[in-house]
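Visitor: From first to last, the protein sequence lines are chains Z and E.
Residues in the first sequence are numbered from 1 upward in steps of one, following this note's numbering.
Residues in the second sequence are numbered from 1 upward in steps of one, following this note's numbering.
The set of hints was computed from the structure by calculation and includes no laboratory data.
One or more hints might be untrue.
[Stated by the list, open to error] Below are the BS3-like pairs computed for lysine-lysine, each with C-alpha atoms no more than 27 Å apart in a straight line:
id	chain 1	residue 1	chain 2	residue 2
1	Z	K56	Z	K104
2	E	K62	E	K15
3	E	K78	E	K15
4	Z	K70	Z	K104
5	Z	K26	Z	K69
6	Z	K104	E	K71
7	E	K11	E	K71
8	Z	K104	E	K11
9	E	K78	Z	K104
[Stated by the list, open to error] Restraint ranges, calculated between C-beta atoms of paired labels, are given here:
id	chain 1	residue 1	chain 2	residue 2	range
10	E	T104	Z	N18	23 to 31 Å
11	E	L84	Z	S111	34 to 42 Å
12	E	P81	Z	N18	44 to 52 Å
13	Z	H57	E	E52	36 to 44 Å
14	Z	E55	E	E1	39 to 47 Å
15	E	D63	Z	S12	37 to 45 Å
[To be verified] Derived contacts from chain Z toward chain E, CB cut-off under 10 Å, selection only:
id	residue
16	T27
17	Q33
18	Y35
19	G40
20	T84
21	C89
Predicted model only: the values in this text are computed from it and were never measured.
Ideal Cβ positions, reconstructed from N, Cα and C, are used throughout, including at glycine.
Read off the chains here:
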Amino acid sequence: SQQGEEDPQALSIQEGENATMNCSYKTSINNLQWYRQNSGRGLVHLILIRSNEREKHSGRLRVTLDTSKKSSSLLITASRAADTASYFCATDFNQAGTALIFGKGTTLSVSS
Amino acid sequence: EAEVAQSPRYKITEKSQAVAFWCDPISGHATLYWYRQILGQGPELLVQFQDESVVDDSQLPKDRFSAERLKGVDSTLKIQPAELGDSAMYLCASSLRDRGFTDTQYFGPGTRLTVL
Numbered sequence: 001s002q003q004g005e006e007d008p009q010a011l012s013i014q015e016g017e018n019a020t021m022n023c024s025y026k027t028s029i030n031n032l033q034w035y036r037q038n039s040g041r042g043l044v045h046l047i048l049i050r051s052n053e054r055e056k057h058s059g060r061l062r063v064t065l066d067t068s069k070k071s072s073s074l075l076i077t078a079s080r081a082a083d084t085a086s087y088f089c090a091t092d093f094n095q096a097g098t099a100l101i102f103g104k105g106t107t108l109s110v111s112s
Numbered sequence: 001e002a003e004v005a006q007s008p009r010y011k012i013t014e015k016s017q018a019v020a021f022w023c024d025p026i027s028g029h030a031t032l033y034w035y036r037q038i039l040g041q042g043p044e045l046l047v048q049f050q051d052e053s054v055v056d057d058s059q060l061p062k063d064r065f066s067a068e069r070l071k072g073v074d075s076t077l078k079i080q081p082a083e084l085g086d087s088a089m090y091l092c093a094s095s096l097r098d099r100g101f102t103d104t105q106y107f108g109p110g111t112r113l114t115v116l
């Protein structure tokens with residue numbers, strides 16, 4: 001079963017525009033992470049935000065977390081063609097281990 | 001920068017054959033995960049190791065899948081016999097140590113399995 005659900009499923013923008021992706025989850029979490037996956041490749045960790053944090057920045061990335069609404073957003077500012085990829089949010093796995101539960105992802109296409 | 005290594009990158013096999021995937025985590029990472037990713041979906045956990053011990057294999061189809069990490073370093077995931085529905089990307093990830101909460105995980109490039 002999947003904990004996180006990203007929205008939208010697909011997003012197409014022009015270079016220089018901002019891209020916003022949203023993630024909703026179902027149960028309490030310790031932290032939420034965002035990963036990027038280029039076509040047919042492994043996942044790259046982007047940012048981790050803890051449950052007691054509300055906003056976090058890393059370069060052109062801004063992540064917010066609203067635990068009352070069980071939602072998070074990822075903002076990529078000034079998008080580049082190289083940002084074209086799938087973006088996944090991932091949350092804790094509330095069972096035996098510490099594996100991540102991923103959503104289905106948002107596919108971002110940035111055209112030049 | 002240290003990376004998680006996986007091999008092979010691509011594997012094509014026929015139904016009912018045996019396949020094996022190998023993963024070498026980042027040096028010093030005690031926790032190792034195997035995930036399976038079906039096209040268009042997010043990765044889903046198959047098995048988690050802490051050193052050489054299995055922490056969670058509740059979602060591993062044990063009738064055909066097996067995983068080991070004998071010396072607590074590299075790991076092998078095996079499928080025998082392979083079925084058509086096993087076609088997917090198999091991802092290995094590692095993190096420093098299970099401290100009771102989820103931490104940053106570093107992923108390898110994956111093995112793309114196609115079962116004919």
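Visitor: Each hint: holds or not?
Guide: Hints, verified against the model:
1. Z:K56 <-> Z:K104: Since the Cα atoms of K56 of chain Z and K104 of chain Z sit roughly 23 Å apart, the hinted pair holds (cutoff 27 Å).
2. E:K62 <-> E:K15: holds, 17 Å
3. E:K78 <-> E:K15: holds, 14 Å
4. Z:K70 <-> Z:K104: Judged against 27 Å, a Cα distance of about 17 Å means the pair holds.
5. Z:K26 <-> Z:K69: Holds. K26 of chain Z to K69 of chain Z sits at ~10 Å (cutoff 27 Å).
6. Z:K104 <-> E:K71: violated, 34 Å
7. E:K11 <-> E:K71: This hinted pair holds, its Cα atoms lying about 25 Å apart.
8. Z:K104 <-> E:K11: holds, 24 Å
9. E:K78 <-> Z:K104: holds, 26 Å
10. E:T104 <-> Z:N18: 23 to 31 Å: holds, 25 Å
11. E:L84 <-> Z:S111: 34 to 42 Å: Since the Cβ atoms of L84 of chain E and S111 of chain Z sit about 36 Å apart, the hinted range of 34 to 42 Å holds.
12. E:P81 <-> Z:N18: 44 to 52 Å: holds, 49 Å
13. Z:H57 <-> E:E52: 36 to 44 Å: holds, 39 Å
14. Z:E55 <-> E:E1: 39 to 47 Å: violated, 27 Å
15. E:D63 <-> Z:S12: 37 to 45 Å: holds, 43 Å
16. T27: violated, 13 Å
17. Q33: Nearest chain E Cβ about 7 Å off; hint holds.
18. Y35: Hint holds; Y35 of chain Z Cβ to chain E Cβ min 8 Å, cut 10 Å.
19. G40: With a closest approach of 7 Å, the G40 of chain Z hint holds.
20. T84: Check failed: Cβ of T84 of chain Z comes no nearer than 17 Å to chain E, outside 10 Å.
21. C89: holds, 9 Å
Going through the hint list in order, the structure does not satisfy hints 6, 14, 16, 20.
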